[in-house]
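Trainee: Okay, here's what each chain looks like letter by letter:
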Amino acid sequence: MAQHVLETDGQVCPFPLVEARDAIARLNLGDELIINFDCTQATDALPRWAAENGYPVTHFDRIGEAQWTITVQKA
Amino acid sequence: MLLTGLGLGLALGFTMQRGRFCVTGAFRDLWITGSTRWLTAFLIVVAVQSVGVFALDAAGVITLDPQPFAWLATILGAFIFGFAIVLAGGCATGTYYRAGEGLVGSWFALIFYALFSAMSKTGALAGPVAALRGVTVPASTIHGFLGVSPWPLVAILVTGVGLLARHHLRLRSPLPMASLPARSTGLRHLLFEKKWGAFTTALIIAALAILAWPLSWATGRESGLGITGPSSAIVNYLVQGDAEVIDWGVYLVLGILIGAFIAAKGSGEFRIRIPDALTTVRSIGGGALMGVGASLAGGCTIGNAMVNTATFGFQGWVSLLFMIIGTGAATRLFITGSARVGTSPALVPANR
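Protein chains in written order, with the working numbering: chain H, 50 to 124; chain V, 38 to 389.
Hints were generated in silico from the structure; no laboratory data involved.
Among the clues, some could well be false.
As the list claims (entries may be wrong) - Under 10 angstroms between C-beta atoms, here's a sample of chain V residues computed to sit facing chain H: (1) Ile69; (2) Arg207; (3) Leu208; (4) Arg308; (5) Val385.
As the list claims (entries may be wrong) - Each pair of labels, with its calculated beta carbon distance range: (6) Leu67(V) with Asp71(H): 11 to 21 angstroms; (7) Asp110(H) with Tyr274(V): 41 to 51 angstroms; (8) Leu315(V) with Ala124(H): 31 to 41 angstroms; (9) Val141(V) with Asp71(H): 23 to 33 angstroms.
Where a beta carbon is used, it is the ideal one built from N, C-alpha and C, also for glycine.
Could you build all of it, start to finish, from the sequences and the hints given here?
Mentor: Right, dumping it as structure tokens:
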């Protein structure tokens with residue numbers, strides 16, 4: 050299982066979600082995608098996207114003022 | 038009692054920031070994911086407000102005064118506005134509350150939106166804007182045109198939106214939605230940490246939107262929530278020093294900015310964020326087009342699509358439709374289309 054990082058800091062919504070969707074398509078099943086983001090709205094959009102697509106979220110936390118990270122597994 | 042505008046704005050800005058209520062996102066989702074969840078939340082605000090507004094009208098607290106429908110300017114302006122909010126990354130209120138979160142791109146969008154609103158209403162662009170808005174048809178409201186009471190329309194709207202909301206509440210994802218770990222408890226958790234549901238947020242905003250009518254009316258400003266007029270008034274005041282233009286709406290928009298800042302600061306979501314060159318240019322262009330579009334259409338996503346719709350004005354519903362079409366055009370061009378090239382971040386293997 051490999052882990053990949055997608056740095057989207059500085060990108061406004063909906064770009065973190067659009068980029069995450071593209072990125073996960075390039076991963077193998079079981080791989081994890083770590084998405085770092087600083088767009089507030091994505092705290093709702095990204096976990097919802099993961100849940101609706103059946104991708105388990107293995108980590109989701111704040112990493113600073115208005116900075117978050119979420120790890121989504123391709124399943 | 039202009040200060041009631043400030044109080045209402047504070048509550049609105051706070052609610053929008055905490056609830057992540059974004060009209061641009063609601064329209065954009067239709068074109069990116071096909072999701073109607075946020076559009077449903079938006080329509081809940083319209084439907085609930087509709088009940089409140091016609092009740093206030095019937096009770097004689099306010100008197101709705103229909104204006105002739107400036108169809109050409111509304112169609113043109115709404116399309117431009119819908120297109121522009123994708124570039125700016127937020128509609129009028131969205132831009133105010135993101136400015137409060139510290140997004141410098143939204144500061145640019147806000148400044149150019151206010152400037153071009155003033156130019157379109159009282160400045161260099163006022164001539165052409167007024168000429169286009171002079172092209173009208175006598176019809177004003179849907180119920181007026183049909184010659185019926187507004188209440189059957191209110192009933193249809195509430196039923197339709199209720200069914201839509203029920204559909205979304207019954208949807209089940211394959212997996213439960215992940216949430217951020219809690220760090221606080223009690224009121225602080227509820228206000229500054231807990232995730233606010235889209236529909237709960239919509240109900241709070243609807244209550245505030247209804248309350249806006251009598252509070253604004255009491256100060257002589259005879260309308261509900263509005264963003265573009267007050268933004269333009271701020272520019273007029275700043276450059277001409279005429280305090281007469283400061284009305285309830287000016288306090289309202291300042292309140293939104295401060296309310297969003299309090300919400301963001303309190304929840305650790307405030308940070309000055311500097312955009313890259315492309316985002317900066319888009320924010321400026323989007324803000325300028327928003328000012329022109331909203332002035333042409335006679336309102337933004339709030340004044341037209343959320344408030345005028347609640348009174349069943351043709352201007353509101355035609356605006357809503359063309360804003361969504363404009364958002365779709367810009368989404369295809371700048372988000373899902375080729376113009377996105379150059380912004381994509383690199384996908385790198387993690388160091389383990």
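Trainee: Run every hint past the structure and note whether it holds.
Mentor: The hints, checked one at a time:
{"no.": "1", "hint": "Ile69", "verdict": "holds (6 angstroms)"}
{"no.": "2", "hint": "Arg207", "verdict": "violated (14 angstroms)"}
{"no.": "3", "hint": "Leu208", "verdict": "holds (9 angstroms)"}
{"no.": "4", "hint": "Arg308", "verdict": "holds (4 angstroms)"}
{"no.": "5", "hint": "Val385", "verdict": "holds (5 angstroms)"}
{"no.": "6", "hint": "Leu67(V) with Asp71(H): 11 to 21 angstroms", "verdict": "holds (20 angstroms)"}
{"no.": "7", "hint": "Asp110(H) with Tyr274(V): 41 to 51 angstroms", "verdict": "holds (44 angstroms)"}
{"no.": "8", "hint": "Leu315(V) with Ala124(H): 31 to 41 angstroms", "verdict": "holds (34 angstroms)"}
{"no.": "9", "hint": "Val141(V) with Asp71(H): 23 to 33 angstroms", "verdict": "holds (26 angstroms)"}
Against the hints set out earlier in the document, a violation occurs for number 2 only.
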